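Going down the list, the protein sequences come from chains U and C.
Sequential numbering of the first sequence, starting at 6, is according to this note's numbering.
Sequential numbering of the second sequence, starting at 3, is according to this note's numbering.
Since the hints were derived computationally from the structure, they do not count as laboratory data.
Computed from a predicted structure; not experimentally measured.
Certain hints may be false.
[Stated by the list, open to error] From the structure, some residues in chain U lie toward chain C, with a derived Cβ separation under 7 angstroms: (1) L56; (2) F67; (3) F72; (4) G76; (5) L77; (6) R82; (7) A83; (8) D117; (9) Y118.
[Stated by the list, open to error] Here are the simulated DSBU-like cross-link-like pairs (lysine-lysine), alpha carbons at most 30 angstroms apart as the crow flies: (10) U:K33 - C:K163; (11) C:K49 - U:K33; (12) C:K48 - U:K57; (13) C:K163 - C:K265.
Built from N, CA and C at the ideal position, the CB exists for glycine as well.
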Amino acid sequence: MSPAPELPSVDEALGRMAEVLKPLLPQKPIMIGIHTGGAWVAAGLHRQLGLKEPLGTLDISFYRDDFTRIGLNPQVRASTLPVDIDGRHIILVDDVLHTGRTIRAAMNEIFDYGRPASVTLAVLIERDGRELPIEATAVGAHLKLKPRQQVKLLGPEKLELKIQESGT
Amino acid sequence: MSPVRSLDEQGRLRHLLTLEGLPKRTILEILDTAESFVSVGEREIKKVPLCRGKTVVNLFFEPSTRTRTTFEIAAKRLSADVINLAVASSSTSKGETVLDTIRNLEAMHTDLFVVRHAQAGAADLIASHLQPQVHLINAGDGAHAHPTQGLLDAFTIRRYKGDFTKLSVAIVGDILHSRVARSLIHALTILGTPDIRVIAPRTLLPTAVESLGVRAFTDIHEGLDGVDVVVMLRLQRERMKGALIPSEQEYFNLFGLTPPRLKFAKKDAIVMHPGPMNRGLEIDSAVADGPQSVILAQVTNGIAVRMAVMAIILGGTGATEGKRA
């Protein structure tokens with residue numbers, strides 16, 4: 006067993022993300038959270054930043070690049086983008102940035118709804134293990150983990166981080 | 003018992019031949035997945051990349067516009083490639099000819115066949131000859147089954163009425179020739195609907211219809227009393243051998259759904275019809291175009307439900323699978 010790394014406080018991480026995102030507020034951004042953890046983080050940020058536009062959520066199951074290997078997620082939910090995103094600035098929010106594949110799928114889906122003016126990525130946890138050239142602008146906390154370790158966000162009432170060791 | 007089953011040994015949906023005997027969780031998984039596909043049809047770009055590179059062949063041995071078109075649109079919205087084949091069906095060219103057609107299309111690396119045939123059991127027969135990696139969806143075989151129609155009807159009922167365990171559903175008309183009625187009865191039964199009624203002249207009711215777990219009525223007023231959902235069926239004149247109804251006018255007089263008759267159902271009852279409608283024969287235009295009609299919503303829902311079935315089958319997972327990371 007490797008020692009579990011120290012986990013940051015979710016509230017402090019959210020605060021750091023909000024600080025980085027504040028300068029974007031004059032652009033009247035639309036915030037979109039990725040199901041499930043990313044939507045929880047986005048809800049918190051949306052409140053802290055006092056965004057006027059309703060929060061959007063994405064379920065990227067229909068855009069995953071591993072569909073032919075593992076099939077469709079049986080718990081897929083509908084994506085809801087309540088406002089027209091054409092020409093708008095998007096803040097895309099997820100709980101953990103790991104391989105980058107989820108973010109790629111999310112961007113593909115966003116572009117099927119319209120052509121945003123820009124997309125800024127905000128993540129609660131940025132960890133190592135990127136497989137695609139994708140980086141976040143707003144990061145709550147950085148974590149270095151073993152390949153077999155996963156960091157998971159528990160919620161939605163009280164958001165908490167947890168380290169899980171996956172089996173072989 | 004058919005030699006092929008819709009589910010594989012792991013309980014995953016491999017084909018969709020009939021709803022009969024499917025577990026409730028499989029039906030719910032399809033309905034829940036369809037719910038997410040509804041929003042895809044409402045966006046600017048009505049397409050997801052899920053089944054990119056898959057080849058779907060719509061093989062129709064019997065004419066169809068709505069079903070074939072919605073299957074085609076569903077496959078295209080999943081980014082699959084679709085081929086439509088309308089094969090003239092003559093009673094002498096069955097058996098080997100059909101299977102040879104299938105083998106040839108299989109050799110072109112078809113991933114999924116959507117098959118409609120006038121003969122009950124045709125889908126099972128074809129499925130039993132397919133290579134292990136090739137899938138089949140039954141789009142209607144004779145009077146046997148039309149599972150995606152049953153699913154889209156159940157999906158529509160759930161969207162308007164919610165909890166199946168509190169519902170009364172009446173299916174009215176040509177029950178005898180109707181694969182739609184049979185598939186819907188199976189879906190409703192599996193989903194726990196306590197009160198399913200069939201309403202028809204005795205000549206259009208199958209013998210021992212009660213064995214399906216439904217109550218039969220020959221009086222439409224009695225049968226519609228207090229129901230939440232009215233499903234009208236098309237009078238299938240082309241399938242009728244002999245005089246099963248005295249005349250079309252008399253059929254309309256006794257069983258046609260008119261505004262005064264609809265009043266026997268609950269105030270907020272919905273009216274459904276699988277199409278194509280015979281206006282003035284089984285349904286009055288005032289009802290078909292009225293505020294309680296959800297007939298066009300059924301068509302829209304049919305696309306989402308067929309997308310869900312195709313995606314689940316082509317993805318090869320089922321409600322039982324837990325191998326996702």
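Hint check results:
1. Look at L56 (chain U): its Cβ only gets to about 22 angstroms from chain C, farther than 7 angstroms, so that hint breaks.
2. For F67 (chain U), the interface hint holds, the least distance from its beta-carbon to any beta-carbon of chain C being 4 angstroms, beneath 7 angstroms.
3. A distance limit of 7 angstroms between C-beta atoms decides the matter here; for F72 (chain U) the minimum to chain C is near 6 angstroms, and the interface restraint holds.
4. Among the interface hints, the one on G76 (chain U) holds; its C-beta lies about 3 angstroms from the nearest C-beta in chain C, closer than the 7 angstroms criterion.
5. For L77 (chain U), the shortest C-beta to C-beta distance to chain C is roughly 4 angstroms, which falls under 7 angstroms, so the interface hint holds.
6. For R82 (chain U), the interface hint holds, since its Cβ comes within 7 angstroms of a Cβ in chain C; the closest pair sits about 6 angstroms apart.
7. Checking A83 (chain U) against chain C: minimum C-beta separation of about 4 angstroms stays under 7 angstroms; hint holds.
8. Taking 7 angstroms as the C-beta cut-off, the interface hint given for D117 (chain U) holds, the closest approach to chain C being about 4 angstroms.
9. Hint status for Y118 (chain U) relative to chain C: holds, with the closest Cβ pair at about 6 angstroms, below 7 angstroms.
10. Between K33 (chain U) and K163 (chain C) the CA atoms are separated by roughly 39 angstroms; this puts the pair beyond 30 angstroms, and the hint is violated.
11. The hinted pair formed by K49 (chain C) and K33 (chain U) meets the criterion: a straight-line CA distance of about 28 angstroms does not exceed 30 angstroms.
12. With a C-alpha separation of about 28 angstroms, the suggested pair K48 (chain C) and K57 (chain U) falls inside the 30 angstroms cut-off, and the hint holds.
13. Pair hint K163 (chain C) plus K265 (chain C) holds up; C-alpha atoms about 18 angstroms apart against a cutoff of 30 angstroms.
Of the numbered hints stated above, those contradicted by the structure are hints 1 and 10, listed in ascending order.
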